Amino acid sequence: MLVRPFHQEEIVSHLIMFHGRECPHCKKMMPLVEKLEQESSVRFDKREVWHDEKNADLMRSYRQDIVPKCGNQLRVPTFLNTETKDAMCGEVEYEKLKDWALRQA
Amino acid sequence: MKKRCWRCFICNDIHYGVTPPEVCPTCKVLHAYVEISAEEARKILGGGPDTSMSREDFRAAIERFTAGNEFEVNPDQAKVDLLLGGVFANEKNHGLKYCPCRLRTKNWEEDLRIVCPCNFTIHETYKGVKDGECWCGLFIRRK
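Protein chains in written order, with numbering that gives the first Met the number 0: chain Z, 0 to 104; chain W, 0 to 142.
Excised from the complex, chain W in its bound form (with noise of 0.2 Å):
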C-alpha cells in the first residue's frame, strides 16, 4: 500500500505512513490526522527557522536514538567521522542521508530503505549476529 503524508489539525504534526495514528503522539487528540499532499507537507516541514541540521546536530540525534536500545553509535571516531562524512556529501549531492556503504538505486521508495539510520535491525550483519553491527558500521550492537 501506497504511503501518504497526514497534517494534524489541532497542533500541525506530520505524519508519513499509509494510515495516520489515530491519536496525536504531540496534542493527543483522536481523528486529528487529515491527509495532505506531499508538497504541503514538505513546505511545512522544510519552512521556518532552524530547519537545517548540522553534522554535530546529527550525531547527537543518533546517540539519542540508540539510548535505550541494544544497539549503540560505533565507539570508533574515525569511522563514524569518515561515515558522517559520507551521509552529508550523500544529502547535498543527492538529497537524503543515503548509507555511504550502499548505492541508490534511483526508486523514490526503495531508495529510503537506506537513508540513514536504516532499519538495520534486520540485516544479516546484525539480526542473531553476537557483534553485529549495520551495513557501513556506524551502529554496532551494544556490549
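Looking at chain Z on its own, in the form it has when it is part of the complex (with noise of 0.2 Å):
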C-alpha cells in the first residue's frame, strides 16, 4: 500500500483567488498573495476570470457563496475556500489576508 507523505500545503490547496487581469485591486494584491505564500504553507490556485471563460464559469458556479459576502456582487478579486465555502473579497491588509488564509487551515 502506498502511504503518501503528509504535506501542509494540501491542507490549504482548497483556496482560490479569482482576479481580474486589469482589476488594480488584483494587482495589489497579488504581491501580497504571493508573499504569503513564500512565507507559510497557504498556497491559491489563481484564477483570471475576464480572459478565460472557464474560470469565469468555475467562479460563477460559487455564485451563492461569494455574492453574500461580496456586497452582493461577483467581484473581484475574491479569496474563497472552496470546502467550507467561506469568502473574502477586495483589497484588504496583508495581516487580513493572512488572518483569512490561515484560519481556512
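Among the hints, erroneous ones may be present.
SDA-like, lysine to any residue: derived pairs with alpha carbons at most 20 Å apart [what the hints assert, rightly or not]:
| hint | chain 1 | residue 1 | chain 2 | residue 2 |
| --- | --- | --- | --- | --- |
| 1 | W | 129 | Z | 89 |
| 2 | Z | 45 | Z | 84 |
| 3 | W | 27 | W | 16 |
| 4 | Z | 26 | Z | 16 |
| 5 | Z | 68 | W | 119 |
| 6 | W | 105 | Z | 71 |
| 7 | Z | 95 | Z | 36 |
| 8 | Z | 26 | Z | 91 |
| 9 | W | 78 | Z | 47 |
| 10 | W | 126 | W | 116 |
| 11 | W | 78 | Z | 92 |
| 12 | W | 105 | Z | 69 |
| 13 | W | 142 | W | 76 |
| 14 | W | 142 | W | 127 |
| 15 | W | 42 | W | 14 |
| 16 | Z | 26 | W | 87 |
| 17 | W | 78 | Z | 29 |
| 18 | Z | 84 | Z | 67 |
| 19 | Z | 34 | Z | 101 |
| 20 | Z | 26 | W | 75 |
| 21 | Z | 84 | Z | 15 |
| 22 | W | 78 | W | 59 |
| 23 | Z | 68 | Z | 84 |
| 24 | W | 126 | Z | 69 |
| 25 | W | 105 | Z | 63 |
| 26 | Z | 68 | W | 112 |
| 27 | W | 78 | Z | 20 |
| 28 | W | 78 | W | 57 |
| 29 | Z | 68 | W | 126 |
| 30 | Z | 26 | W | 81 |
| 31 | Z | 26 | W | 78 |
| 32 | Z | 26 | W | 132 |
| 33 | W | 91 | Z | 51 |
| 34 | Z | 45 | Z | 104 |
| 35 | W | 78 | Z | 89 |
| 36 | Z | 68 | Z | 56 |
| 37 | Z | 68 | Z | 83 |
| 38 | W | 78 | Z | 90 |
No lab work stands behind these hints: they were computed from the structure.
Model, not experiment: these values are computed from the prediction.
Quick one: dock chain against chain with the hints and give me the complex.
Structural data, given as C-alpha cells:
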C-alpha cells in the first residue's frame, strides 16, 4: 500500500483567488498573496476570470457562496475556500489576508 | 417591469426604459415615442458614421459626465489607464464595457448593472463613505 507523505500544503490547496488582469485591486493584492505563499504553507489556486471563460464559469458556480459576502456581487479579487465556502473579497491589508488564509487551514 | 425600446417619431431619438419620456429631450415634442423592437433600436443606434468610441473619446466622455457631480475621474493616471484597458478589452471580448473588477453573470439585465459607469453611488464603497470610490476606483468622491 502506498502511503503518501503528509504535506501541509495539501491542507490549504482548496483556496482559490479569482482575479482580473485589468483590476487594480487584484494587481495590488497579487504581491501580498505571493508573499504569504512564500512565508507560509498557504497556496492559492489563481484564476483569471475576464480572459478565461472556464475560470469565469468556475467563479459563477460559487455565486451563491460569494455574493452574500461581497456586496451582493461577483467581485474580484475574491478569495474562496471551496470546502467551507467561506469567502473574502477586495483589497485588504496583508495581515487580514494572512489571518483569513490561515484560518481556512 | 421589463424595459423596452422606444423611438421618437420626429427626431429618431432612442429610449430604453419601462415607459418612454413624455417629452422628447431632443426635439421637445410631447408624446412622440413609439415602441420598437430591440433589433430596430440596435440598427438605428449602430448605423451611420462615427459610431465607434475610442478610449480617448470615452475618457473625455466620463470627464464630461463627472463635471458638476460630487465625484470625479480618479487622478491616478496609471490606475485609470489600467481600468480603461480592461473596460475596452471587455467590450471587445464580451460585448459591453463591463467593469474589470466584477464578473458578468451572463444574465443580460443583471449584467447591465456592471457596465461602466455603473450606479456606484449606491454601493458600500461609495455611499456614506468620506473618501468613497466606485468598486474599481475609476470614480472617486470629489474632495
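Okay, the hints, checked on the actual structure:
This hinted pair checks out: residue 129 of chain W and residue 89 of chain Z have alpha carbons roughly 18 Å apart, not beyond 20 Å. Proposed proximity of residue 45 of chain Z and residue 84 of chain Z is supported: the alpha carbons are some 16 Å apart, at most 20 Å. Of the pairs offered as hints, the one joining residue 27 of chain W and residue 16 of chain W holds, with about 18 Å between alpha carbons and a cut-off of 20 Å not exceeded. Under the criterion of a C-alpha separation no larger than 20 Å, the hint pairing residue 26 of chain Z with residue 16 of chain Z is consistent with the structure, at around 12 Å.
Under the criterion of a C-alpha separation no larger than 20 Å, the hint pairing residue 68 of chain Z with residue 119 of chain W is consistent with the structure, at around 18 Å. Restraint check: the Cα-Cα separation between residue 105 of chain W and residue 71 of chain Z comes to about 16 Å, which is no more than 20 Å; the hinted pair holds. Taking the CA atoms of residue 95 of chain Z and residue 36 of chain Z, the gap is about 14 Å. The hint holds against a cut of 20 Å. Restraint check: the Cα-Cα separation between residue 26 of chain Z and residue 91 of chain Z comes to about 12 Å, which is no more than 20 Å; the hinted pair holds.
With a C-alpha separation of about 19 Å, the suggested pairing of residue 78 of chain W with residue 47 of chain Z holds against the 20 Å cut-off. Among the hinted pairs, residue 126 of chain W with residue 116 of chain W is consistent with the structure: their alpha-carbon atoms are about 15 Å apart, no more than 20 Å. This hinted pair checks out: residue 78 of chain W and residue 92 of chain Z have alpha carbons roughly 19 Å apart, not beyond 20 Å. For the hint linking residue 105 of chain W to residue 69 of chain Z, the alpha-carbon distance of about 18 Å falls within 20 Å, and the restraint holds.
Taking the CA atoms of residue 142 of chain W and residue 76 of chain W, the gap is near 17 Å; set against the 20 Å cutoff, the hint holds. Among the hinted pairs, residue 142 of chain W with residue 127 of chain W is consistent with the structure: their alpha-carbon atoms are about 14 Å apart, no more than 20 Å. With a C-alpha separation of about 14 Å, the suggested pair residue 42 of chain W and residue 14 of chain W falls inside the 20 Å cut-off, and the hint holds. This hinted pair checks out: residue 26 of chain Z and residue 87 of chain W have alpha carbons roughly 18 Å apart, not beyond 20 Å.
The hinted pair formed by residue 78 of chain W and residue 29 of chain Z meets the criterion: a straight-line CA distance of about 16 Å does not exceed 20 Å. At roughly 11 Å between alpha-carbon atoms, residue 84 of chain Z and residue 67 of chain Z fall within 20 Å of each other, so this suggested pair holds. Of the pairs offered as hints, the one joining residue 34 of chain Z and residue 101 of chain Z holds, with about 14 Å between alpha carbons and a cut-off of 20 Å not exceeded. For the suggested pair residue 26 of chain Z and residue 75 of chain W, the alpha carbons sit about 15 Å apart, so the restraint of at most 20 Å is met.
A threshold of 20 Å between alpha carbons decides the hint, and for residue 84 of chain Z with residue 15 of chain Z the separation of about 11 Å falls inside it, so the pair holds. Between the alpha carbons of residue 78 of chain W and residue 59 of chain W the distance comes to roughly 16 Å, so the proposed pair stays at or under 20 Å and holds. The hinted pair formed by residue 68 of chain Z and residue 84 of chain Z meets the criterion: a straight-line CA distance of about 10 Å does not exceed 20 Å. Restraint check for residue 126 of chain W and residue 69 of chain Z: satisfied, since their Cα atoms lie roughly 15 Å apart, inside the 20 Å limit.
The straight-line distance between the Cα atoms of residue 105 of chain W and residue 63 of chain Z is roughly 15 Å, inside the 20 Å bound, and the hint therefore holds. A threshold of 20 Å between alpha carbons decides the hint, and for residue 68 of chain Z with residue 112 of chain W the separation of about 18 Å falls inside it, so the pair holds. With a C-alpha separation of about 13 Å, the suggested pairing of residue 78 of chain W with residue 20 of chain Z holds against the 20 Å cut-off. Restraint check for residue 78 of chain W and residue 57 of chain W: the C-alpha separation of about 15 Å stays at or below 20 Å, so the hint holds.
Proposed proximity of residue 68 of chain Z and residue 126 of chain W is supported: the alpha carbons are some 18 Å apart, at most 20 Å. Annotation: proposed proximity of residue 26 of chain Z to residue 81 of chain W holds, straight-line Cα distance about 10 Å (limit 20 Å). With a CA separation close to 10 Å, the supplied pair residue 26 of chain Z and residue 78 of chain W stays within the 20 Å bound. For a cut-off of 20 Å, the pair hint linking residue 26 of chain Z to residue 132 of chain W stands: about 17 Å separates their Cα positions.
Annotation: proposed proximity of residue 91 of chain W to residue 51 of chain Z holds, straight-line Cα distance about 14 Å (limit 20 Å). Distance check on the hinted pair: residue 45 of chain Z and residue 104 of chain Z sit about 17 Å apart at the alpha-carbon level, within 20 Å; holds. For the suggested pair residue 78 of chain W and residue 89 of chain Z, the alpha carbons sit about 16 Å apart, so the restraint of at most 20 Å is met. At roughly 19 Å between alpha-carbon atoms, residue 68 of chain Z and residue 56 of chain Z fall within 20 Å of each other, so this suggested pair holds.
Of the supplied pair hints, the one linking residue 68 of chain Z and residue 83 of chain Z holds, its CA atoms being roughly 13 Å apart against a limit of 20 Å. Among the hinted pairs, residue 78 of chain W with residue 90 of chain Z is consistent with the structure: their alpha-carbon atoms are about 14 Å apart, no more than 20 Å.
Of the numbered hints listed earlier, not one is contradicted by the structure.
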